[in-house]
Amino acid sequence: DDLVKMSSMVQDYEQTLLGQEPVEGRDAYKIEMIPKEEAAVVWGKIITWVDQEEFLFLKTEYYDEDDELINTVFGRNIKTMGGRSVTSRLEILPQGESGSKTVLDYQELAFDEPIADDFFSLQNMKRIK
Numbered sequence: 002d003d004l005v006k007m008s009s010m011v012q013d014y015e016q017t018l019l020g021q022e023p024v025e026g027r028d029a030y031k032i033e034m035i036p037k038e039e040a041a042v043v044w045g046k047i048i049t050w051v052d053q054e055e056f057l058f059l060k061t062e063y064y065d066e067d068d069e070l071i072n073t074v075f076g077r078n079i080k081t082m083g084g085r086s087v088t089s090r091l092e093i094l095p096q097g098e099s100g101s102k103t104v105l106d107y108q109e110l111a112f113d114e115p116i117a118d119d120f121f122s123l124q125n126m127k128r129i130k
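Converting from the sequence shown to the working numbering requires adding 1 to each position, the first position being numbered 1.
Treat the hints as calculated values from the structure; they're not laboratory data. Hints may contain errors.
[Stated by the list, open to error] With a straight-line cut-off of 25 Å between C-alpha atoms, the simulated SDA-like cross-links for lysine to any residue are:
(1) LYS46 <-> ILE35
(2) LYS37 <-> GLU66
(3) LYS6 <-> GLN21
(4) LYS6 <-> LEU19
(5) LYS102 <-> LYS127
(6) LYS46 <-> GLN12
(7) LYS6 <-> TYR107
(8) LYS31 <-> ILE116
(9) LYS6 <-> ASP52
(10) LYS6 <-> GLN124
(11) LYS31 <-> ARG85
(12) LYS102 <-> ILE116
(13) LYS31 <-> GLU54
(14) LYS80 <-> PRO23
(15) LYS80 <-> ILE93
(16) LYS6 <-> PHE75
(17) LYS6 <-> THR103
(18) LYS102 <-> LEU57
(19) LYS31 <-> VAL51
(20) LYS46 <-> LEU18
(21) LYS31 <-> VAL104
(22) LYS31 <-> VAL42
[As the list claims (entries may be wrong)] Quick list of the computed label-pair ranges, beta carbon to beta carbon:
(23) ILE116 <-> LEU18: 19 to 25 Å
(24) ILE116 <-> MET82: 14 to 20 Å
(25) LYS102 <-> ASP68: 34 to 40 Å
(26) ILE129 <-> LEU70: 35 to 41 Å
(27) LYS6 <-> ILE116: 35 to 41 Å
(28) GLU66 <-> PHE112: 21 to 27 Å
(29) VAL104 <-> GLY83: 29 to 35 Å
No residue lacks a Cβ here, since even glycine has one placed at the ideal position from N, Cα and C.
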């Protein structure tokens, strides 16, 4: 639940541009997302900062339904991988847990790679489980 699918952000939330602010030296759009009334979502509010040049998430704050900050996620180390610009490092910092964080470092990414149909067979799913 720390990360929200892009499709959910578009379909389940109303977006409002709050302005522009730098994040770690990069110009960013500050966007607030409030869930639509009928949306079955975890977060009561999301505020995200999107890089103005690469359109990548630089920082995202996740709030609960009581408007309390729960997590802050930083997207860092913009690199080209698989022919696309990506944030190669995600750092998830839970609010109120000083010194605690989850780090996800991408070493290599590939996009639009063909996958054989038999990859999703029941036998293969059991084997890679």
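Cross-check of the supplied hints:
1. LYS46 <-> ILE35: Between LYS46 and ILE35 the Cα gap is close to 5 Å, so the pair holds against 25 Å.
2. LYS37 <-> GLU66: The hint holds at about 13 Å.
3. LYS6 <-> GLN21: 23 Å, holds
4. LYS6 <-> LEU19: 21 Å, holds
5. LYS102 <-> LYS127: Since the Cα atoms of LYS102 and LYS127 sit roughly 32 Å apart, the hinted pair is violated (cutoff 25 Å).
6. LYS46 <-> GLN12: Satisfied, since the Cα-Cα distance of roughly 14 Å is no more than 25 Å.
7. LYS6 <-> TYR107: Holds, at about 18 Å.
8. LYS31 <-> ILE116: 37 Å, violated
9. LYS6 <-> ASP52: Status holds; Cα separation ~18 Å.
10. LYS6 <-> GLN124: The given pair, whose Cα atoms are some 29 Å apart, is violated under the 25 Å limit.
11. LYS31 <-> ARG85: 23 Å, holds
12. LYS102 <-> ILE116: The given pair, whose Cα atoms are some 33 Å apart, is violated under the 25 Å limit.
13. LYS31 <-> GLU54: Since the Cα atoms of LYS31 and GLU54 sit roughly 14 Å apart, the hinted pair holds (cutoff 25 Å).
14. LYS80 <-> PRO23: 19 Å, holds
15. LYS80 <-> ILE93: Between LYS80 and ILE93 the Cα gap is close to 19 Å, so the pair holds against 25 Å.
16. LYS6 <-> PHE75: 16 Å, holds
17. LYS6 <-> THR103: 18 Å, holds
18. LYS102 <-> LEU57: 21 Å, holds
19. LYS31 <-> VAL51: 7 Å, holds
20. LYS46 <-> LEU18: Holds, at about 14 Å.
21. LYS31 <-> VAL104: Holds, at roughly 23 Å.
22. LYS31 <-> VAL42: Answer holds: LYS31 to VAL42 is near 21 Å, not above 25 Å.
23. ILE116 <-> LEU18: 19 to 25 Å: 37 Å, violated
24. ILE116 <-> MET82: 14 to 20 Å: 18 Å, holds
25. LYS102 <-> ASP68: 34 to 40 Å: 23 Å, violated
26. ILE129 <-> LEU70: 35 to 41 Å: Because 37 Å falls inside the window, the suggested range holds.
27. LYS6 <-> ILE116: 35 to 41 Å: With a Cβ separation near 20 Å, LYS6 and ILE116 fall outside 35 to 41 Å, so the hint is violated.
28. GLU66 <-> PHE112: 21 to 27 Å: 35 Å, violated
29. VAL104 <-> GLY83: 29 to 35 Å: 21 Å, violated
The structure does not agree with the numbered hints 5, 8, 10, 12, 23, 25, 27, 28, 29 stated previously, though it agrees with the rest.
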